Structure formats: C-alpha cells, structure tokens
Amino acid sequence: MNPQNFWKKYEFAVNQTLLFKAGFVEVFVKHISNGWLIKSRVPEQPNDELLVEEVEGFDDESEVFHFQAGKSHDLFVFPSLPNKAVVFRNNKVIKISAGELANLYFRIPLSMQFYFQEVKEENLLIELPLQRLSDTWFGEADNGEPAFSIGGNYDKEFSEIKAMPWEAVVPVEINNSTTGIFDLQRLILRVEDFSLFLKNKQILSNHVAIEFRGPEHAGSVNLSVKKEIHGQKPLQLAKPRNEVGRNLLRKSFFFIKNIYQS
Numbered sequence: 002m003n004p005q006n007f008w009k010k011y012e013f014a015v016n017q018t019l020l021f022k023a024g025f026v027e028v029f030v031k032h033i034s035n036g037w038l039i040k041s042r043v044p045e046q047p048n049d050e051l052l053v054e055e056v057e058g059f060d061d062e063s064e065v066f067h068f069q070a071g072k073s074h075d076l077f078v079f080p081s082l083p084n085k086a087v088v089f090r091n092n093k094v095i096k097i098s099a100g101e102l103a104n105l106y107f108r109i110p111l112s113m114q115f116y117f118q119e120v121k122e123e124n125l126l127i128e129l130p131l132q133r134l135s136d137t138w139f140g141e142a143d144n145g146e147p148a149f150s151i152g153g154n155y156d157k158e159f160s161e162i163k164a165m166p167w168e169a170v171v172p173v174e175i176n177n178s179t180t181g182i183f184d185l186q187r188l189i190l191r192v193e194d195f196s197l198f199l200k201n202k203q204i205l206s207n208h209v210a211i212e213f214r215g216p217e218h219a220g221s222v223n224l225s226v227k228k229e230i231h232g233q234k235p236l237q238l239a240k241p242r243n244e245v246g247r248n249l250l251r252k253s254f255f256f257i258k259n260i261y262q263s
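So this note's numbering is basically just the index in the sequence shown, starting at one, shifted up by 1.
Read the hints as simulated data drawn from the structure, not as lab findings.
Note that the structure is predicted; figures quoted are calculated from it, not measured.
Note that beta-carbon positions come from the ideal geometry of N, C-alpha and C, so glycine has one too.
It is possible that part of the hints are untrue.
[What the hints assert, rightly or not] Pair ranges (Cβ atoms, derived):
hint, residue 1, residue 2, range
1, GLU101, GLN237, 30 to 38 angstroms
2, SER98, GLN5, 35 to 43 angstroms
3, GLN69, LYS240, 22 to 30 angstroms
4, GLU158, ALA99, 22 to 30 angstroms
5, ASN91, GLY58, 42 to 50 angstroms
6, ASN6, PRO44, 17 to 25 angstroms
7, GLU101, SER225, 19 to 27 angstroms
8, GLU141, GLU101, 23 to 31 angstroms
9, GLY100, SER73, 50 to 58 angstroms
10, GLN237, GLU141, 32 to 40 angstroms
11, LEU125, ILE33, 13 to 21 angstroms
12, ASP75, GLU174, 35 to 43 angstroms
[As the list claims (entries may be wrong)] Listed below are the simulated EDC-like cross-link pairs for lysine to aspartate or glutamate, each with C-alpha atoms no more than 20 angstroms apart in a straight line:
hint, residue 1, residue 2
13, LYS40, GLU55
14, LYS85, GLU122
15, LYS200, GLU158
16, LYS85, ASP143
17, LYS22, GLU50
18, LYS9, ASP75
19, LYS10, GLU122
20, LYS10, GLU55
21, LYS22, ASP49
22, LYS40, GLU64
23, LYS121, ASP75
24, LYS10, GLU123
25, LYS72, GLU119
26, LYS9, GLU50
My request is simple: use the sequences and hints to build the entire structure.
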C-alpha cells in the first residue's frame with residue numbers, strides 16, 4: 002500500500018472495525034458510539050507492507066483498551082520516530098580524515114500513532130512501536146541519558162538503501178573540521194527533534210549535518226531539507242515531537258563531545 006493511503010485520516014461508521022498491519026504490530030480499531038476500542042497483537046511474521054482492511058470485529062475481547070473520546074467519527078493514523086534518542090554503535094571502521102565529510106544513512110523503525118478528531122497531543126489515543134528497540138545508555142554514568150539502540154547497520158549511498166515501508170531513513174553528514182583523523186565509534190541521533198517527509202514511497206527524516214571541531218570544542222548540529230534527498234516539494238507527514246531551536250542547540254555540545262566515546 003502506498004504510504005499516503007495508509008498514514009491519513011479515516012472516517013469510521015459506528016461499530017466499524019479496521020485492522021492496521023505494519024512491521025511487528027497489528028492493531029484492531031473499532032469505533033463505538035462514545036469512543037474507540039483498540040487492541041494490538043504481535044504477528045507470527047512481520048508485515049513487509051503497510052496494510053489496512055475492514056474486519057468483522059476483534060478475534061477475542063481480551064486486552065482491549067476502551068477510550069471514552071466523544072462522538073467524533075474521525076481517526077488519524079500518523080507515523081512517528083521513537084520517543085527517545087537512538088544510538089548507533091559502530092562495529093566497523095569509520096575514520097574521517099581532516100577536512101573531509103562522511104555521509105551515512107540509518108534506518109529507524111517508526112511508531113504508529115492514533116489520534117481522534119484532530120492531530121494534537123491531548124487527542125492521542127495510543128502509540129505503538131512497529132519494531133521493539135533495545136534500551137541503552139549514552140554518555141557518562143552521571144550525566145548521560147537513556148536511549149534506544151539501533152545497532153551498527155548503516156548505508157553509505159542513498160541509492161543503496163533498502164528500507165522497509167515501516168522504517169524511516171535518517172540521512173547524516175559528518176564534517177571533520179579538525180586537523181586529525183576522526184574515529185567514529187558511537188553516534189546519538191535525537192530523533193525527537195526530527196520531522197518526517199515522504200518522497201515517492203520512502204519516509205525520510207530531516208538531513209542532519211554535524212560539524213566536529215574536536216572533543217573539547219563546541220561543534221554544531223543542523224537540521225534541513227535537501228533537494229537532492231527529499232525532492233523539490235517534499236510532503237511533510239509528521240512534525241517533530243520537540244520544539245527544535247533552543248533544545249537542539251543546548252544539547253549540541255554534549256552530542257559532539259560524546260560522539261567518539263566507546
């Protein structure tokens with residue numbers, strides 16, 4: 002299914018049930034006269050495509066969430082990046098010479114959000130990750146932060162990416178502005194600050210440009226939309242969880258300072 006036909010507004014009739022399938026999650030949603038019934042399950046095999054179909058009802062009535070949300074018939078199904086930063090741990094050798102750039106592309110599993118009536122924080126019914134990520138810790142023991150691990154996989158060329166429909170591609174450019182070789186060991190991506198865009202059938206985040214000026218110097222982290230990656234007029238599917246600006250700048254030194262740590 003085309004992502005635009007999946008991530009959208011749905012109009013339900015009372016007692017209508019739709020089944021949403023994506024990645025490692027299947028979600029039944031039933032509209033009742035005063036709200037919604039929602040039940041999720043983990044399929045035996047992950048769904049390679051985004052699918053939605055009308056069904057008669059739930060396969061069983063256990064573990065059903067009942068939301069009293071008024072009489073609105075509208076349900077919005079939107080993608081989202083994880084609700085914590087994600088950490089890449091390099092299991093290969095990535096060395097960036099002085100004055101050089103490295104372009105890396107990461108595949109991040111999405112979450113599925115359900116909103117009633119309109120898309121705003123207080124109308125969020127439920128959010129479900131389409132693939133469970135492992136918890137990890139980034140930084141020192143006394144001043145680090147909890148995050149998710151995305152392992153050590155990445156692509157070096159945009160044309161080589163083979164992302165699943167329920168994954169977002171995060172393009173990252175690292176500029177080594179020092180006079181020495183930069184050995185990349187760990188990288189944190191603050192995906193709560195990223196928007197999501199659709200190009201053809203691929204979901205993309207902002208382009209992330211990182212300038213490394215040395216472990217004791219404040220570098221920079223900038224988010225943008227690039228024509229060569231996102232296309233001429235990219236369709237924005239989702240806004241960032243956080244207000245970027247000040248939050249991203251406040252954390253940029255910590256981001257750069259810890260980027261090389263094991």
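Checked hints:
no.	hint	in the structure
1	GLU101 to GLN237: 30 to 38 angstroms	holds (32 angstroms)
2	SER98 to GLN5: 35 to 43 angstroms	holds (42 angstroms)
3	GLN69 to LYS240: 22 to 30 angstroms	holds (27 angstroms)
4	GLU158 to ALA99: 22 to 30 angstroms	holds (23 angstroms)
5	ASN91 to GLY58: 42 to 50 angstroms	holds (48 angstroms)
6	ASN6 to PRO44: 17 to 25 angstroms	holds (21 angstroms)
7	GLU101 to SER225: 19 to 27 angstroms	holds (20 angstroms)
8	GLU141 to GLU101: 23 to 31 angstroms	holds (28 angstroms)
9	GLY100 to SER73: 50 to 58 angstroms	holds (56 angstroms)
10	GLN237 to GLU141: 32 to 40 angstroms	holds (36 angstroms)
11	LEU125 to ILE33: 13 to 21 angstroms	holds (18 angstroms)
12	ASP75 to GLU174: 35 to 43 angstroms	holds (39 angstroms)
13	LYS40 to GLU55	holds (14 angstroms)
14	LYS85 to GLU122	holds (17 angstroms)
15	LYS200 to GLU158	holds (16 angstroms)
16	LYS85 to ASP143	holds (18 angstroms)
17	LYS22 to GLU50	holds (8 angstroms)
18	LYS9 to ASP75	holds (10 angstroms)
19	LYS10 to GLU122	holds (16 angstroms)
20	LYS10 to GLU55	holds (15 angstroms)
21	LYS22 to ASP49	holds (9 angstroms)
22	LYS40 to GLU64	holds (7 angstroms)
23	LYS121 to ASP75	holds (13 angstroms)
24	LYS10 to GLU123	holds (17 angstroms)
25	LYS72 to GLU119	holds (13 angstroms)
26	LYS9 to GLU50	holds (16 angstroms)
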